[in-house]
Structure formats: structure tokens, C-alpha cells
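Residue numbers (our numbering), protein chains in the order written: chain A, 1 to 273; chain B, 1 to 273; chain C, 1 to 273.
Do not rely on the hints blindly, as some may be mistaken.
One copy or any two copies: either way a pair holds, since identical chains are not told apart in the list.
Unchecked claim - With a cut-off of at most 30 Å between alpha-carbon atoms, the simulated DSSO-like pairs for lysine-lysine come out as follows:
#, residue 1, residue 2
1, Lys97, Lys157
2, Lys97, Lys134
3, Lys157, Lys146
4, Lys196, Lys97
Quick caveat, the hints were computed from the structure, so don't treat them as lab data.
Residue strings, one per chain:
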Amino acid sequence: EAVENCCDESEDEQDWVWLILREEAQQHAYNEPLLASFLFSTILNHKSLEAALSFHLANKLASPTISSTLLMELFRDALEESKDFRLACRRDLIAVKERDPACTFLLEAFLYFKGYHALQAYRVSHWLWCQERKAMAYFLHSQITKELHIDIHPGAKIGHGVFIDHGTGIVIGETSVVGDDVSMLHHVTLGGSGKKYGERHPIVHEGVLLGAGATILGRIEIGEHSQIGACSLVLNDVPSFATAVGVPARVIGMRLGRNPASEMQQDFRSSET
Amino acid sequence: EAVENCCDESEDEQDWVWLILREEAQQHAYNEPLLASFLFSTILNHKSLEAALSFHLANKLASPTISSTLLMELFRDALEESKDFRLACRRDLIAVKERDPACTFLLEAFLYFKGYHALQAYRVSHWLWCQERKAMAYFLHSQITKELHIDIHPGAKIGHGVFIDHGTGIVIGETSVVGDDVSMLHHVTLGGSGKKYGERHPIVHEGVLLGAGATILGRIEIGEHSQIGACSLVLNDVPSFATAVGVPARVIGMRLGRNPASEMQQDFRSSET
Amino acid sequence: EAVENCCDESEDEQDWVWLILREEAQQHAYNEPLLASFLFSTILNHKSLEAALSFHLANKLASPTISSTLLMELFRDALEESKDFRLACRRDLIAVKERDPACTFLLEAFLYFKGYHALQAYRVSHWLWCQERKAMAYFLHSQITKELHIDIHPGAKIGHGVFIDHGTGIVIGETSVVGDDVSMLHHVTLGGSGKKYGERHPIVHEGVLLGAGATILGRIEIGEHSQIGACSLVLNDVPSFATAVGVPARVIGMRLGRNPASEMQQDFRSSET
């Protein structure tokens, strides 16, 4: 489909996500002159979404002892090597825009959503991890956690079209698996069982919604298109299309065909019964 | 009353909040020479509380792509335009000092409480929002969230004399309403119901205390002078002067005339029965 | 034992923690040239663990109005005055390496674990606090909270060998007491009872494990080697060697001789019954 085309080798294909971002940046710069310089340096000065994203993340994650230019080159190297990354950074961006009622421009998601920034920087750390560059992966992980307050271990596996809303306090452990099109809110924990080695974190299947503060512990599975209520503690598998709530969480309803990650309905009473 | 006088057009009125801050800053600089330069640049070098606050917030919220001088001018413009803002930034400051047993000087609240900083910066973002400068409001919102870990949407409506203690992880959604003299602790969420548009976040009336981790979802109302227990999940209206606790929260007591936001009593057992 | 020797006055004793850190830093710099400059400036350029730690913390906690050099000197002064501090910073480091399955080098704990950084910086703030340099202690507390999202009041008392995992959102109040060899995860709150003065925060005895989001309120005691489940709200004393879970928490099991802070078993079902 269209998002895939934008990453094709063929130069003829239009990268409509990037075109929209540029257009929105020009409009915003015109309406708000205080932001013009920021928008120029972050978006309009670049030749591709990948270049703009590398610049933006590098500025957010630099430290007194690692310069933003070094990080920017690292991000560009990662993005140029991996078509998967180019697809993911667009699908995640579209997911923010589609699922957050408070987000009216792709530009806002790209510039301002720290869940989006943390997820893209995690993707680079995971790429480093898979190449056995663990030292660099840990450095990046540490900067993401310090600067964006979202702690995603470089070893975790996360699909495309994932939306992290607000994001402060999220912890996703080393052997976690998160499927495509999952949505999660702030304070979510995918935590370990205490096992010293091997697979010890949850598997969250595609299309799941994890409410604010949902805490999921151990190598358990959350079935596709299920939703976990805010403040719930999940210690057992949850089937597909189910709603689970409480401390500890119990299944209170099921409805085939729904898509909770898109609906972002946190208050589940109205969706059950 | 006195706080209002300090914002009067008349130059004769004393701004006693600002006078106390300056006096405390001088005393602290004398006692702790390592802080003298910081205190001079942040407090003593300025002609008004507004100027000092603009300088202090700008230093906290600047980024590599937006300078602190640009932000400082923006804050000063906002403060000079709005008497409401000048009252609010004093009343919020006094609320910290009065309600936090660990705060012994107004200066500490002004310099160090990130809940206070986030609230004042939110007020500027809300001022921008009301003028339809949404791009700038979102930029500021994003910097507050990144630098202070407190996520208050620029569209939310928040009264005066509000005290945010600790503050990490707080999320206050776009259509939330928070009354005067509310106190809240860290990890509080005023979250949405999933409705795509319109009013979908809670209304918290005046004098309410929201305990650490309290999660309040949907367009529900928390009546005046009620208190919500730590770690509670609130999905229904709570009447005035009530205490509600649990997941989901239930009303466990009521007592007319009390003022939980002032008392900051988080452990509610002793206040009930 | 060995850790103590490294802090002896005698220069003959080997500081094996520091020797391992240097060796790991050299290896990492060789394997990952992008990090060579960072590792040289942060570790290899220094003559002692204390000097390296002072440099590293100062870079993390500096602000536009307080330089990293000023903070580095303050940290070095504190470390040189206190043998207790030199022991604590090594024991805390070893605790991270021993208890976190995802941590394979001491170097990672030293460079990247913000719980470790916050704890060492808190120790300096507590040293200032005990000397009645409260203004400087509050400044440091404020920077730790802003930069590392972990809020430990300078007045709190914390033992050695303490492991803070992930760490975002932790709040430890002014009169809290935390014993040796405690482990805690992110979002833990040791909160006040609302009393205006005096002892109003919890006492957590040695060897306790506090799960993610555990909220402990008031002057209550958590007995040695107990464990508190994730998302639990504790309002009453918990005996030694007990497991307490729920909102509010109840004791669900006891087992003499265990050491939950070492085992880091968050999902308690398998450890009870």
C-alpha cells in the first residue's frame, strides 16, 4: 500500500508522509514566526524524513559527553541500512495521528510526541543490539530513558504501527514481544518474572490496548485485540478479543471483531455488557 | 486580599511575595556561597517575580533548537498581558509552602518544585491556546513534558492555588477542568473516555485531594473537598466531601467541612470512622 | 571483606571494583569506537572511582545556571570526606550487577543505570543535609528529580547495597528509612501520612523487595526480607519474611530464610503456596 511505496527503491514514488510533514511545517512557520527557525532546522532543511528524524532525535538524546552530530550520523546509518525501519517510522507516525483525538497534524506527532521519539530511538538501539553492538545499544537505551522517561530494553521486539501515548514511566523488558498495531498509555510495565535468563517478559499480540498503569509480569501472553484496563495487574494469559481489569486482572468480557488499540477507549464499562 | 494587591496597577502596593523571595534569596546566598551566582542570576538580578519566573522557566525549558532567550521573551509577554496569570503564579506558590510539610521557604517552592514550574509553564501554554496559537502551545507542552515529566494539555482548564507535589508522571487531558485549591500527587491521571471529540476528561472541583497514582477516567465529576485515595481508579462521579478509594473506587466516608487539599492526609483510615 | 579493603587508607590494597571498571571501559572502547571518547573522558581519564563518579554525575546534573565543574568539585569534596560514601557507591554498584539479569558488566551499572546515579547523588545531598547545608541539599535534590525522575528527599536515610531498577517515578519522603540490601522497582512511593512534622514516612528493613508501583504510606514498618507485590497499596505494618499484595495489601504468605531483594521475583504466585 501507499506507505510501503514511499520506501521503494524507485525514486519515482512519492513519499507522501514526508510531503505532508513539509507542507505542515511551512504552514506552521508562516502562522507562528517564533517557531520558524526551529521548523526550518528540524524539517525544511532536510532532504528526507529519515534525515529530519535523525536530526531531531540526535538533538533530544545528545549529552555533554556524546555530541548530537555523532548521534545524528549513527541514526542516518541505521535508517539507510534498513527498509524495515523506514516503514516502521512512517507507520508509527500515522498511528499517532489516527488514534489520538488531540493530534490534528502529522507534524505534531513527529515533532512533539515523546512516545514516538522513544520508539524510533529504540528501533535504532534494537538494530545495534541485533548486530552485537551491545555497548552502543546500551548507551542509546540509557539516553532514551534519561531524556524521554521511557525505558525500552534494546533486546525487546516491537512491531509496526505502535502508538505510545504520553509515555512517562513505561518499562518494556529485554525479552518482551509487542505485536503490530498495539497502543499503550503511560506507566505501562512489561516486566520480568525474576528468572535469571531466557524468556521472562510478556508477549503482547497485535491490536492490543494497554491502559494507563497496566502492569504485566512474566512470560504470559495477551491475545490479539484484547484490552487491559488502567491500573490492572496481569499475571496470567489473557485470551484474544477479551477485556481484563483489576488487581489481579480478571476477564470481564469478550467481543469478536473489535479493535481496541484504534478505539483508545480506556473506560471499559460502556464497551462491555 | 493581600495577594491580589501585589498585582494592582498602583505602584504603591507592596508585592510581599516578591519581597520575601528576594530576602530569602539573599539569606541563602550568604549561607551557601556555591549557590550565590545561581541565586543572583535567577532572583536578585530581576525587577519582578514575573521577570524572575520567566528567566527560570526559560532555562528549564530551552532546547538546542529553541533558545532560552526566545522562551524568556514569550513568558514575559504572557505575564505582562494577564493579571490572572500574576495572581495565579503567586497563589500557586503560597499553596506549595502552606501544604508541603517539607517546604520551609517560598524560595524552595519557586526554585525547586517541578510541579510549580510545570503549572506556570502550562498557564502560558493555555494562554497561547486561547489565542489560537496552537502550534506554539504544543511546542511548549512538549518541552514541559520532556523536561519536567508532567503532561498537562494546553487546552485543560486549571484554577488558582493548585499544588502539584512531586509530579512525575502526571497526565491531565485536553478537556479536563481542575478547580481552585486542588492538591494532587505524582502519577495522577485525568484521562479520556475514548470519545473522539468534545468533553471527554474529568471535572475536579475545588479543594479536592488526588492521592498518588489516582487514575480518573472519562467525563465524570469529583465533588468539591473530596479526596481520592492513592492507587485508586475512578470511573464514576464522586460526591462532595467524600472519600473514595479502591480499584474501582468506592465512597467509604463523608465529612462536611473538611479541607483535604490543605491537610494532605494521604492515608485515609484515620480520617474516616 | 574485599569491598571494604578498596577504601582502606593503605595504598597497597587493590580497589578491584575500579580496576574492573577500567578494564571493561578499555574493552568497550576497543569494540565500539563511537564510545571511545565518552569512555575515556568518563572513566579512563580519572585516577579513582570517586573522581570518575563525580565527573559522570556532574555532567548528568548540571544546568544552565550551575556548571558541571562546580558540581564535580562538590561531589569530590563529599567523597573524600566520607569513607561510608566510598563503601556505599561500590556496594550499590555490585548490587545492580548481581541482581539485574539484564546487566552483564559493572561498567553498564556505573555508566547507564539512572537508579544508581540518583542514589549516589542522593547520598551527597544527604551528606549536605546532615551538615545543615540544606539550601545546597535542596538544589541537588531538585536537579536529581529533574534529570533522573527519581525523587529522594535529602533527609531520608538509605543503607548500602540498595538497587533501584528502572527508577522512573520513585518518591522517597523526608523521614523514610531504607535498610541495607533493599531492592525496589520503578514507581515505588514511600509517602507521608499527612502529619505536619516529625516521622511520617515508612521504615523499610533490610533485604526487602518493593515491586513496581508499590505505594507505602505513613510511619509503618516493612519487616526484613519481605516482599511487596507490584501495584500494591500498603497502609499497615508487614512482618518479616512475608509476602504482601493487593489494594490494600494483605499478607498472603511467609517463608523464613528467603532473600527476595536478591531473587527479584516480581510475580509472587510461584513463590507462595
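Hint check, failures only: The structure conflicts with no hint, since it agrees with every one listed earlier.
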